[in-house]
Structure formats: structure tokens, C-alpha cells
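Taken in sequence, the protein lines are chains F and Z. In terms of our numbering, the first sequence is residues 319 to 650. In terms of our numbering, the second sequence is residues 81 to 372.
Everything labelled a hint here was simulated from the structure, so no lab data went into it. Treat each hint with caution, since some may be false.
[Unchecked claim] What the simulated footprint calls covered on chain F by chain Z, stretch by stretch (three residues with Cβ under 8 Å from a Cβ of chain Z suffice, anywhere in the stretch; the number is not a length):
(1) 417-423
(2) 432-442
(3) 447-458
[Claimed, not checked] Only part of the chain Z face toward chain F is listed, based on derived beta-carbon distances under 10 Å:
(4) Ala124
(5) Val191
(6) Glu262
(7) Arg266
(8) Ala273
(9) Gln317
[Unchecked claim] Simulated restraints, written as ranges between beta carbons of each label pair:
(10) F:Val583 <-> Z:Arg98: 47 to 55 Å
(11) F:Glu356 <-> Z:Ala280: 46 to 54 Å
(12) F:Ala451 <-> Z:Ile125: 36 to 44 Å
(13) Z:Ala280 <-> F:Glu386: 41 to 49 Å
(14) F:Phe568 <-> Z:Gly254: 47 to 55 Å
(15) F:Glu356 <-> Z:Arg98: 53 to 61 Å
(16) Z:Ile276 <-> F:Phe568: 47 to 55 Å
(17) Z:Gly254 <-> F:Pro584: 45 to 53 Å
(18) Z:Arg95 <-> F:Ala332: 33 to 41 Å
(19) F:Pro405 <-> Z:Arg98: 44 to 52 Å
(20) Z:Ala209 <-> F:Arg528: 49 to 57 Å
(21) F:Val583 <-> Z:Arg95: 53 to 61 Å
(22) Z:Arg277 <-> F:Ser346: 28 to 36 Å
Glycine residues also receive a C-beta, built at the ideal position from the N, C-alpha and C atoms.
Listed below, chain by chain, are the residues.
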Amino acid sequence: MSALAETAAGPLLAVEDLSVRFDTDDGSVHAVDRLSFELGAGEVLAVVGESGCGKSVSFMSLLRLLPETAVVTGRAQFGGTDLLAAPLSRLRRIRGREIAFVFQEPMTSLNPSFTIGNQVGEVLRRHLGLSRAEARRRTIELLDLVRIPAPERRVREYPHQLSGGMRQRVMIAMALACDPKILIADEPTTALDVTIQAGILDLMRDIRERLGTSIVLITHNLGVVADLADRVIVMYAGRKAEEAPVHDLFARPQHPYTIGLLGAVPRPGAGAQRLREIPGRVPSLAELPAACAFAPRCPRADDLTRSQVPELREVAPGHRVACFHPGPEADA
Amino acid sequence: MSFADAAPRLSPRARRRRILRRRFLRRPFAVIGLVVAVAFVLGAILAPVVAPYSAAATDFNSVLGHSSGKHLLGTDELGRDVFSRIVWGARASIEAGVFSVLIAMAFAVPVGVVAGYYRGWPDTVIARATDVLLAFPFLILAIGLSAILGPSLTNAMLALGFGVAPQLIRVARGEALALREEDYVRAAIANGAGDIRIMARHVIPNMIPTLIVQATVAIPAAIIGEAVLSFLGLGVQPPTPSWGVMLADAQSYLTQAPRLAIYPGVAIFLCSLSFNLLGDGLRDVLDPRTTR
Chain F
319 MSALAETAAG PLLAVEDLSV RFDTDDGSVH AVDRLSFELG AGEVLAVVGE SGCGKSVSFM
379 SLLRLLPETA VVTGRAQFGG TDLLAAPLSR LRRIRGREIA FVFQEPMTSL NPSFTIGNQV
439 GEVLRRHLGL SRAEARRRTI ELLDLVRIPA PERRVREYPH QLSGGMRQRV MIAMALACDP
499 KILIADEPTT ALDVTIQAGI LDLMRDIRER LGTSIVLITH NLGVVADLAD RVIVMYAGRK
559 AEEAPVHDLF ARPQHPYTIG LLGAVPRPGA GAQRLREIPG RVPSLAELPA ACAFAPRCPR
619 ADDLTRSQVP ELREVAPGHR VACFHPGPEA DA
Chain Z
81 MSFADAAPRL SPRARRRRIL RRRFLRRPFA VIGLVVAVAF VLGAILAPVV APYSAAATDF
141 NSVLGHSSGK HLLGTDELGR DVFSRIVWGA RASIEAGVFS VLIAMAFAVP VGVVAGYYRG
201 WPDTVIARAT DVLLAFPFLI LAIGLSAILG PSLTNAMLAL GFGVAPQLIR VARGEALALR
261 EEDYVRAAIA NGAGDIRIMA RHVIPNMIPT LIVQATVAIP AAIIGEAVLS FLGLGVQPPT
321 PSWGVMLADA QSYLTQAPRL AIYPGVAIFL CSLSFNLLGD GLRDVLDPRT TR
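One chain only, chain Z, in its complex shape:
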């Protein structure tokens, strides 16, 4: 890294981005997490190109087949290509992971900010309700709600969003409590800004780095949650592929072909681990309190 790197004619935004990028690249695990997570997302989006077969195509010449040139990870009990099903299954998992967290954010951020900004009785109501929900394990909440809503991927995402929301409300509330005391909030009040404007311009924008970190940590939890729901038959319905569905199907053949359970399990593991590593890396980079 020479001095020539520090190009002087950069816009402030670009310069800041450059600093953050360098800090990120100095963390090997974060970079690995990013690469793997991006690979999963791309694989899911490009499933028609990446997967050699369709998820439902059967090859009766190869039932419960081992890995071969024709079927990279072998075939399942109906002769379907396992690799193709994992690729197609990534769609359900990543969709569920990302959208359920977005749903949760859309609800949790305004609620948490209102609680933290106004304090008083709105805060008491919201914070106590959140505490009650946090007393239930995340999966129990999600399973309970999706059992009420009925099995489908959309309902599973809603249920997972509901499960993730309490944690996000708590984070948004805490941030709002701290940010409302900032001098620039006081200056904005002195300049005649109303509550809505202060929340929208001064509180929420300044908590975005924290929210990004929370999202990348919540996504793997939601991915695992989707697998659990689908495994239990509450999420994606067969024959649509999903890692959870594949695990459920593999149960009956656990002694003959344990690989049918191992491959989707590894996919779930790698995918959620990569998002976790990415989230840890982003927290280190974006959180000003970590000095380095």
C-alpha cells in the first residue's frame, strides 16, 4: 500500500467507502463469508442455468444413485438429481431468509423507534410486549404462527419475520434511546423540526449501520428457520424443493443413503455460516466502537 493509493481527488463518500472496503478486506473470514454468501445468492437466482436438471426431473435408471459424472451428488429415491435440487432449494431458503428479515425490519424499526423516541407509556407497552415475545425461543414463535397461518412459503416468511421482529425492535429501541440525546437532535428541535421529521431524518438514518449488521445476523437464523418449518411440513410443500423438504424426505432412507440428508445439511450449514461470518465482518467494519 503506497501513498499513491490515497488518491487525493476523491469525493468524500468515495473516500469513506474506500476506507470501509479496506477495513473489510483485512478480515479473511468476512471475505470468505461474503464470497460464499454471494455464491449461494447467485446460484439461487441463476438456478435454471446452474442446475443441470430441473428439480422434478426423474431418472429411473438411477434411483438412490451414488455420485457420478451424470449426477454430481447422486440421486434420491425418485431418481431426482440431488445437486439440482439443492440449487433450486437455495431459492426457497434465501428468499425466506431475506424477505422474512425485510418484513421484520419494516415492522420492527418504526415500532422500536417510536418506543425509544417517545419513551413514557408507548415505550412501556412496546418494550414489555417485546420482552414477552423474547421469552419464547425464536423457532417456537415461528412454528406456532405458521401452524396458525397454514403451510406455504409466504406464510413461513411471515412467521419467521414475526419470530425475528422482537430482537430487531429491541435493537431499534435501544438505538433510538441513544440517538434522541444527540446534540443534532436538540439542534433540530431548536430549528423547529417536529417529531416525525426528527425520527425520519435524525434517528433512523443514523442507525442504519447497526440495522445492516442486525439483518445479516438475522438472515442465517431465518434460513435455518425456513429449513425447520419445511422439514416439519409447515413451509415449502413437496414437490417444490427446499433444503428442509429434502431433509424430511431423506429420513426414510437414512440407513441406506445417509448422503441424502448430509448434502442439504451441509448446504444449510454453509449458507448460514457464510451470512454469519459476513455479519460479524460488517459489524467490525461499520461499528465505530471497534477500534482497528
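Same shape as in the complex, but just chain F:
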């Protein structure tokens, strides 16, 4: 079950032309537009963007966790299975076992009626067929792995007795229970205190090193990205704006939106410098413009950007950008 065996055989997960549309009474909302990306074994991929840019929706759609109003098209190859076309019974064996999801809300993602041990153990019993005693033993190991103190005692406690950080650790333990190939963490630290955030990120790094799990980190926090990711995808209004290895992105950002995001990150030691914001607002996704979605907020916008959708171009190895006027900060 080692993820390393996959390395030679190409990417672990290959997503092509993923589009997600929500059909509502007030018309359609295009949440994701023709998104393609790959995820390698043992890789940490960060997906960055503002709220509503489609980053969570893209990954929830891969496991088909969206409500029925969502229309998902495209292909998502995972170990010979197209996740978007596979029957639900096949998908259920992938969910939680091969691809695990950690959600943003640790406070409410645990069932209040059962103990921690019961809930983590359930995943083990169902997916791996462990006995009650084996599951209990393995649960204690997992809680220890995610650095919960006194796991023998914690397994008998109920969610309301745990702090937010502890609950998120339990959620991560549950996600890791079946040794998944991919761990998708959707804003895993947003609801937590800063000091606890650092601990969770530390834990993620540890997981990748010790278990070789591929991690998708969905976040709007670029500080988190720099710390942990190998590669970054920047999303804007349902489209991929830029994709690059993490050092490349921070050293030579190409898309004006990326440059704007980087300008909004507070830097310790930079003095009393005012943080720059990106003017304007995220566009409504009711209809995708037949133009660069960022154009209304972009300092480099011209007639071209307002009349055509920019395609992704490779500006350096592994560094792609969807912009007519890419380049590092010059006029911003």
C-alpha cells in the first residue's frame, strides 16, 4: 500500500477539465471552470484563493460530496478509476480509505453521541474489518500519532470534552486511519487559534514525512503554503490563475492576482509597512465572463484582457500562468 510504488507510473491523481455548475432557481452558478491538475505521490499541493473561488468545491466534487444541485463534468483519474464516473459503491470504498478529507469545522464534525474511540474505531472496523479490540488498539496508536496526550484516556471521552485543536487532531487521526494515499485538508487551521494552527501544520509535515501521504492543502493563507507545500495552484473565480513550484511562486510570481495576494501577507520585520490590498471584489459567479475574470481589479487590464479568456501558458518549467501580461511586479 506504499504510495512510493506509484511514483514511476505517473501521477496519483490526474484531474482534467473539471467543471462544477450549480443549477439554482435563480439560474446557474459556475463554481469551477475547466480545472486541470495533477497530484504526485508524496507531494504536498496547496490550493490558494479567496473565499468562493471554487477551491473547496473542486475537491469536494472529486469525492462527489456536493449536493444534487451540482453538475460536475470532466475526468478525475485515480488509480485506474474515474472518480466522477465510478459507481457510488466503488466511490464509498475510496472515500476515507484511499482519499480522506479533513474539513474546516472541527467543532461540529464529530458526532456528539459517541466517544472519540468509537468514532475513529468505526472507520477502521468498516474499511479494514478490524475487530473491536484491534480497532481500539489502533485508535490509541493513531491518537498518539497525531500527538494527542493521554490517548488511552481520550478514546473514552466525548467530543464536547475536547478543545477545537484536539478535535481537529481527532479528525486528522480519523482521516489517516486507513493509511490513505491522499489527504485533502480543507482549511484545516482556519477555525483554530494561531498557536494551535502551527501545531496542526507541524503535524501535517510529519505525516507526509512518516507516511508518504500526498496532501492537498486548501487554504487562503499563503504563510501556511510557504511552510508546507511543494507546489501551489492559485485559483480565481473558478479558474486556475497560476501554478508553480512553491519557491518559484514566491520568488517570481507572474499573475497580478498572485502578486496582489503576496502583497497582502504580513511580514514580520518588514516594519510598519501598510499591507497592500487588492482593490475591488471577487466577481459573482452567476455567469463566467468571456474575458479574464480578474480584469476589473487588475492594474494591467487592457482591451485584450477584457475581451478574451487567457489560456494557461508555461513561463518556466512547471510554472504556468493564465494571463496576457504575466511577469513579476513592475507596474503594480
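Fit chain Z to the known structure of chain F by using the hints.
Here is chain Z on its own, set in the frame of chain F:
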């Protein structure tokens, strides 16, 4: 209440139980309801010990007798001890109250949960059917069904269960509709759980407090329902004692001995009131939305 009360070395379950108990004990009416309801239930179970006479024993020296040392609440037209008959009659009433609600729960909870969880056409069918049944008064439904089934205590319980079920289906459906949107349900789906497992582990267990409250509210309605059915001759059959049967028998002697109607009436009143008070108290204690 001192700090020493808050014993630190308690298991979480015990601590929660302790908090709930304290909240309950702070409500005098709920406590009275509990005490009276328990007294009725114990009296029914221990009828052979509590009742001074058997329900059918006649004392021809005392027909339509007043209260006396020998007969605490007097005797009826056949010289049977009224107090003993009320105690024995509690069996039929409480049995009918509890079992008819259990029957209704066994049917209503799965049906309501399926409707609320799946929504769509199963929900439309179930919810509309429930609405139709709710349009009939509870007793009319029960009387109609027990008339079809034929008179007996078992059939009366089935009929009462049928009468109570629509209300319970509606509650279970509403709870399921709310619980299916919980984050832990989404997390369970992401972990590969199927529909049955989600309903059994994540939806039903989290609606149990609400169901307990609904049950304690439905029981007194079923107790009164049993009395009505027996009064009409559709429930317990004479000579087996039941409060409804006693009321029916008392009709002919209403002018000579109104007490024959008053005593079973008071029993019905007290018994259903006690369960109602208990139910209100439990709702206040278990429902997290009532703050106090």
C-alpha cells in the same frame, strides 16, 4: 451546593448525568410528575400486593357501599372493592399507554427518518400521508381502527399506536431533516459511510432526547385513549378491570353513587397529568434550546 459537590473524578457520562439530574430536580412540577407516575407504574406492577382484594371478588354484604375501613373507596354495584379495581385497572391503562407508544415509535421513527433523510419523492409520499392522518383527531383514528380490529386490549394498543404514529413520524422527519445537514454527517459521508449507517449512527442516536420527550407526551394521550376505547367497549372487556370499563359501569348508578365514576376519573386525570408534567420537565432538561 458547595464546590465539594463537583467531584472532579467522575466519568464524562456520569458528570453529564449529574448535571441533567440537577436541572431536573430544580423543577418541582417535574419531580411531582415523576413521583406520581412512578407510583402508578409501581402500583400497576405490584397490583397483587397493593390491592387488598382481587378485582373480581364480591362482597354482597356491601353493595354500592361507602368508604369504610374494609373498603377504602367503597364498593360497586356487585360489591367489588373500588380501590382494588382501580389498582388492577392501572395495569391495562399503563400497559396500553406505554406499549402503544412503543409500537408507534417502532414504526414511526424509521419511516420519519427515511422521509427526512432521503427527501424527494419518499418524503412527499410519507409527509402527505402523515398530513392526511393528522387531519383526523387522534381518538377518531383509534376508535375507527379498533372497531375494525375488534375489541381486545391488544387491538386497542395497536389502534392507539396507529393514532399516535403520525405525530411521531412528523417529529422524526423534522429531526432527520435537520440532522442530515450536520457537519458530522458530511464527515461520515467523506469517510465512506453509506445511507443506512448514517441513519443508524448519526441521525437516530442524535434524536433520542427529542423522542423521549415525545414519548412521555404521547403516553398520557394513549392512557386517555385506552379509557375511551374501554368505555366504548372497544378495549378491555369486562369483567377485567380498566378505568374506562369502570366509568362505563358507573353510568347506570350516576345518581345513586357518583363516586363510582369520580374515582376512576380521578385516577385517569392524575395518571395522565403526571406523565404530562414529567414530559414537560424532560423537555426542559434535555432540550438544549431551553437555556437555564
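inquiry  = To test your reading of the hints: which numbers does this structure violate?
reply    = 3, 4, 5, 9, 11, 13, 18 and 21
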